[in-house]
Amino acid sequence: DQQVKQNSPSLSVQEGRISILNCDYTNSMFDYFLWYKKYPAEGPTFLISISSIKDKNEDGRFTVFLNKSAKHLSLHIVPSQPGDSAVYFCAAIGTGGSQGNLIFGKGTKLSVKP
Amino acid sequence: ETGVTQSPTHLIKTRGQQVTLRCSSQSGHNTVSWYQQALGQGPQFIFQYYREEENGRGNFPPRFSGLQFPNYSSELNVNALELDDSALYLCASSRKSLGSTDTQYFGPGTRLTVL
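So the sequences go chain by chain: G and Y. Here the first sequence stands for residues 1 to 114, where the numbers follow the working numbering. Here the second sequence stands for residues 1 to 115, where the numbers follow the working numbering.
Errors might be hidden in some of the hints.
[To be verified] When the alpha-carbon atoms are kept at most 27 Å apart in a straight line, the in silico DSSO-like pairs for lysine-lysine are as follows:
1) Y:Lys96 with G:Lys56
2) G:Lys113 with G:Lys71
3) G:Lys54 with G:Lys68
4) G:Lys109 with G:Lys5
5) G:Lys113 with G:Lys68
6) G:Lys54 with G:Lys113
7) G:Lys54 with Y:Lys13
8) Y:Lys96 with G:Lys68
9) G:Lys56 with G:Lys5
[What the hints assert, rightly or not] Residues of chain G clear of chain Y, computed beta-carbon distances all greater than 10 Å:
10) Gln6
11) Ser8
12) Val13
13) Glu15
14) Gly16
15) Thr26
16) Met29
17) Glu42
18) Ser49
19) Ser69
20) Lys71
21) His72
22) Asn101
23) Gly105
24) Lys106
Simulated from the structure, these hints should not be mistaken for lab results. Note that this is a predicted model, so its numbers are computed, not measured. Here a beta-carbon is modelled for each residue, glycine too, at the ideal position from N, C-alpha and C.
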C-alpha cells in the first residue's frame, strides 16, 4: 500500500514555462516532506523540503506547497530549464519502524523542451 | 556532489550467491541508510545504522544485513540472492541530531543484476 503517491509518471514542459509536480500522501502522521531530483546513473539529489508547520517553502526557482488538509504537496519550478529534465521524487519522513527514514513516491519524469 | 561514494558501480551475480556492497559516508555524518530501487519504482528503505547499531528497518527479510564501522563507512550484505534482488542499491548519509530533521544525501548507487 503506497503511502506516498505521484500519479503522473511523466510531464513535458516548454523551456521558460512553469513545471508543477504533484504528490499525495495517505499517512497523516507524516510531518516532513522532501523533493529529490535524479539524473540517470546518479543518486537522488536533495532539492527542497518543507515541514508540516509551513504551507510554502521557496528556494530560488523551486517552491514547494503543502496542503495538509488535502494531504497534497506540489513542487513548482519557475522558469523551467532544459537542465531540469530528470526524475523527481517526493518523499516523506517515515514513522514507526521506519522512523526518520524516507518513504518515496514512484517519481515523475520531467522533460523540459528547448 | 554529495561526498557519498559507493562501490562497486555495477555487479552481476547468480541466484543463491552472496554479495557485499560498500558505502563511504559524507564527512561529519554519523548515520547511514540503505535503499533498494527497483526499475520504475521509488527507493525503498532497507535499514539505517546510527553509531554502528541498526536503528530502524524496512520490510526486508533477514538475509539483508548490514554493518557500520567506526569511521561511519558501511556495508550491505545480501545472502541467498534471488532474481528479484536485481535493483539499484543506494546508500544515504546524514548527521543525526536531537530536535532537527536530518537531510539524507545519496551516493550514486550500485547496480546489482542477479541472473
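Evaluation of the provided hints:
{"no.": "1", "hint": "Y:Lys96 with G:Lys56", "verdict": "holds (25 Å)"}
{"no.": "2", "hint": "G:Lys113 with G:Lys71", "verdict": "violated (31 Å)"}
{"no.": "3", "hint": "G:Lys54 with G:Lys68", "verdict": "holds (9 Å)"}
{"no.": "4", "hint": "G:Lys109 with G:Lys5", "verdict": "holds (14 Å)"}
{"no.": "5", "hint": "G:Lys113 with G:Lys68", "verdict": "violated (32 Å)"}
{"no.": "6", "hint": "G:Lys54 with G:Lys113", "verdict": "violated (32 Å)"}
{"no.": "7", "hint": "G:Lys54 with Y:Lys13", "verdict": "violated (47 Å)"}
{"no.": "8", "hint": "Y:Lys96 with G:Lys68", "verdict": "holds (26 Å)"}
{"no.": "9", "hint": "G:Lys56 with G:Lys5", "verdict": "holds (20 Å)"}
{"no.": "10", "hint": "Gln6", "verdict": "violated (8 Å)"}
{"no.": "11", "hint": "Ser8", "verdict": "holds (14 Å)"}
{"no.": "12", "hint": "Val13", "verdict": "holds (21 Å)"}
{"no.": "13", "hint": "Glu15", "verdict": "holds (26 Å)"}
{"no.": "14", "hint": "Gly16", "verdict": "holds (28 Å)"}
{"no.": "15", "hint": "Thr26", "verdict": "holds (15 Å)"}
{"no.": "16", "hint": "Met29", "verdict": "holds (14 Å)"}
{"no.": "17", "hint": "Glu42", "verdict": "violated (5 Å)"}
{"no.": "18", "hint": "Ser49", "verdict": "violated (7 Å)"}
{"no.": "19", "hint": "Ser69", "verdict": "holds (22 Å)"}
{"no.": "20", "hint": "Lys71", "verdict": "holds (17 Å)"}
{"no.": "21", "hint": "His72", "verdict": "holds (17 Å)"}
{"no.": "22", "hint": "Asn101", "verdict": "violated (5 Å)"}
{"no.": "23", "hint": "Gly105", "verdict": "violated (5 Å)"}
{"no.": "24", "hint": "Lys106", "verdict": "violated (5 Å)"}
Hint check: violations occur at hints 2, 5, 6, 7, 10, 17, 18, 22, 23, 24; the rest are consistent with the structure.
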